[in-house]
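I would like the entire structure built from these sequences, with the hints used as guidance.
Residue numbers for the sequence shown follow our numbering, beginning at 657 and rising by one.
Everything labelled a hint here was simulated from the structure, so no lab data went into it. The model shown is predicted, which means the values in this text are computed figures rather than measured ones. Treat each hint with caution, since some may be false.
As the list claims (entries may be wrong) - Subject to a maximum C-alpha distance of 25 Å in a straight line, what follows is the list of computed DSS-like cross-link-like pairs (lysine-lysine):
| # | residue 1 | residue 2 |
| --- | --- | --- |
| 1 | Lys742 | Lys798 |
| 2 | Lys795 | Lys832 |
| 3 | Lys947 | Lys714 |
| 4 | Lys874 | Lys922 |
| 5 | Lys688 | Lys742 |
| 6 | Lys715 | Lys884 |
| 7 | Lys962 | Lys715 |
| 8 | Lys961 | Lys769 |
| 9 | Lys962 | Lys922 |
| 10 | Lys714 | Lys933 |
| 11 | Lys795 | Lys742 |
| 12 | Lys837 | Lys806 |
| 13 | Lys884 | Lys742 |
| 14 | Lys769 | Lys938 |
| 15 | Lys972 | Lys947 |
| 16 | Lys972 | Lys837 |
| 17 | Lys963 | Lys715 |
| 18 | Lys933 | Lys769 |
| 19 | Lys962 | Lys714 |
| 20 | Lys884 | Lys938 |
| 21 | Lys874 | Lys947 |
| 22 | Lys726 | Lys795 |
| 23 | Lys715 | Lys688 |
Claimed, not checked - Each pair of labels, with its calculated beta carbon distance range:
| # | residue 1 | residue 2 | range |
| --- | --- | --- | --- |
| 24 | Gln740 | Leu898 | 43 to 51 Å |
| 25 | Asp799 | Tyr950 | 35 to 43 Å |
| 26 | Ile723 | Glu955 | 35 to 43 Å |
| 27 | Lys806 | Gln740 | 43 to 51 Å |
| 28 | Gln943 | Asp802 | 29 to 37 Å |
Using N, Cα and C, we set each Cβ at its ideal position, and we do this for glycine too.
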Amino acid sequence: MKKIATGFVVLFAALAVVWADSANAAAAYPNKRITYNICFNPGGESDITARIQEPVLKKILGVDVVINYKIGGGGALCWAELVQTKPDGYTIAGHNLPHTVLQPLEMGDAGYKALDLKQIYFFESTPNVLMVRNDSPFKTLKDFIDYAKKNPPGVMTVGGSGSSSANDLGTSMLNKAAGIKLTYVPFGGTGSAVPALLGNHVTALMSYSPMVIQYRDKFRFLAMAADKRMDVIPDVPTFRELGYDVVEGAYRGVAAPPGTPDTIIKVLADAFDKTHKDPEVKKKMDQNGFKTEYMGPEESLALVKKKMVEYEVIMKELGRIKK
Numbered sequence: 657m658k659k660i661a662t663g664f665v666v667l668f669a670a671l672a673v674v675w676a677d678s679a680n681a682a683a684a685y686p687n688k689r690i691t692y693n694i695c696f697n698p699g700g701e702s703d704i705t706a707r708i709q710e711p712v713l714k715k716i717l718g719v720d721v722v723i724n725y726k727i728g729g730g731g732a733l734c735w736a737e738l739v740q741t742k743p744d745g746y747t748i749a750g751h752n753l754p755h756t757v758l759q760p761l762e763m764g765d766a767g768y769k770a771l772d773l774k775q776i777y778f779f780e781s782t783p784n785v786l787m788v789r790n791d792s793p794f795k796t797l798k799d800f801i802d803y804a805k806k807n808p809p810g811v812m813t814v815g816g817s818g819s820s821s822a823n824d825l826g827t828s829m830l831n832k833a834a835g836i837k838l839t840y841v842p843f844g845g846t847g848s849a850v851p852a853l854l855g856n857h858v859t860a861l862m863s864y865s866p867m868v869i870q871y872r873d874k875f876r877f878l879a880m881a882a883d884k885r886m887d888v889i890p891d892v893p894t895f896r897e898l899g900y901d902v903v904e905g906a907y908r909g910v911a912a913p914p915g916t917p918d919t920i921i922k923v924l925a926d927a928f929d930k931t932h933k934d935p936e937v938k939k940k941m942d943q944n945g946f947k948t949e950y951m952g953p954e955e956s957l958a959l960v961k962k963k964m965v966e967y968e969v970i971m972k973e974l975g976r977i978k979k
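Structure, rendered in C-alpha cells:
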C-alpha cells in the first residue's frame, strides 16, 4: 500500500512539472517566429490576405510571422499535417470553409476532421463569382446556361480552387438550379485557376469576389452567389436576381493544432482581431473585394458546427457524401 501511495506522489509530482512547464511556455508566448501555413497556391485569396496581415501581425506579436505554402488535395494536405503538428502556437494555418467540412464528408478519410482544427479567428468571407474571358461569346448568365442546355452534358468546363471546396460546391449547386451539367475542373488554388482561364483551357471559372477587382480588364463576370450585390462591385448581379437560388462562398480564417492551450489561442485571436481592425488593413481588404469578419474562437467554432449541419443536408441532396 505504501509503494502505491509513493507511486501516486511521484506521478502527481511529474504531472505538476509538465503543467508548470506548459503554463510557463504559454506565459512567454510568443518568443520566436510563427509559421503561418497557407493551404493553396500563391496568388489566391488566402495568400493575398496573409500578405496584408503579415506586417501588422509581426508588429502586434513582436515576432516574425513567416508565410509558408502547404499545397495539395485542395487544402487537405495542409490541414492533415496541422492536426499532427506540435500544439505550441508556433505553427498555424489558414482555415477555409466550406472546405474543412466538405472534404471529410466527401472523401471519408481526409486525414483530419472539421472539429480537429482548433479555431482561432475567422476574418473574411467572399461569395463565389462565375466568370468568363472578355472575348467569350457568353455575354450574360442566360447565354451561358442556354448554351449548356443545347450542348452535350459536361462539354462546358468550369475551373475552380480545390475539390470539395466553395467553388466546387457552387458549380454543383448551379448545375442543379439550372438543370445543366458543367464539368468542374479543380486547381491547386485561385492562383493556378486564373491562368487556366486566361489560356482558354476551361470555359469559365467559379472563383471569388476579389477576382472581380483584380481582373476586371480580362474577364467578364456573369453572376455572384451572394444574397445581395456587393457595394465595391455593384455591377455584378446575383444568381438569385437572375432566377437561380445559388448562394455559396468561402469563409477564411486561421486555425491551430488540436490541444493548443487556450491562453495561446487568445493571444493569437487578439492579434488577428487587432490586425483586422487596423484602418489600413480594413481599407486594403475592402479594396480587394473581401468582406471583413470579426469572429473569435467561440464564434468561429459555432460557425463550423452550424456549417457542418447545413452542408451535410446539401451534400446529401447532391449525392456527394462518401458512404
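**Violations among the numbered hints, reported as their numbers in ascending order** = Result: hints 1, 4, 6, 7, 11, 13, 14, 15, 17, 18, 19, 22, 26 break, sorted rising.
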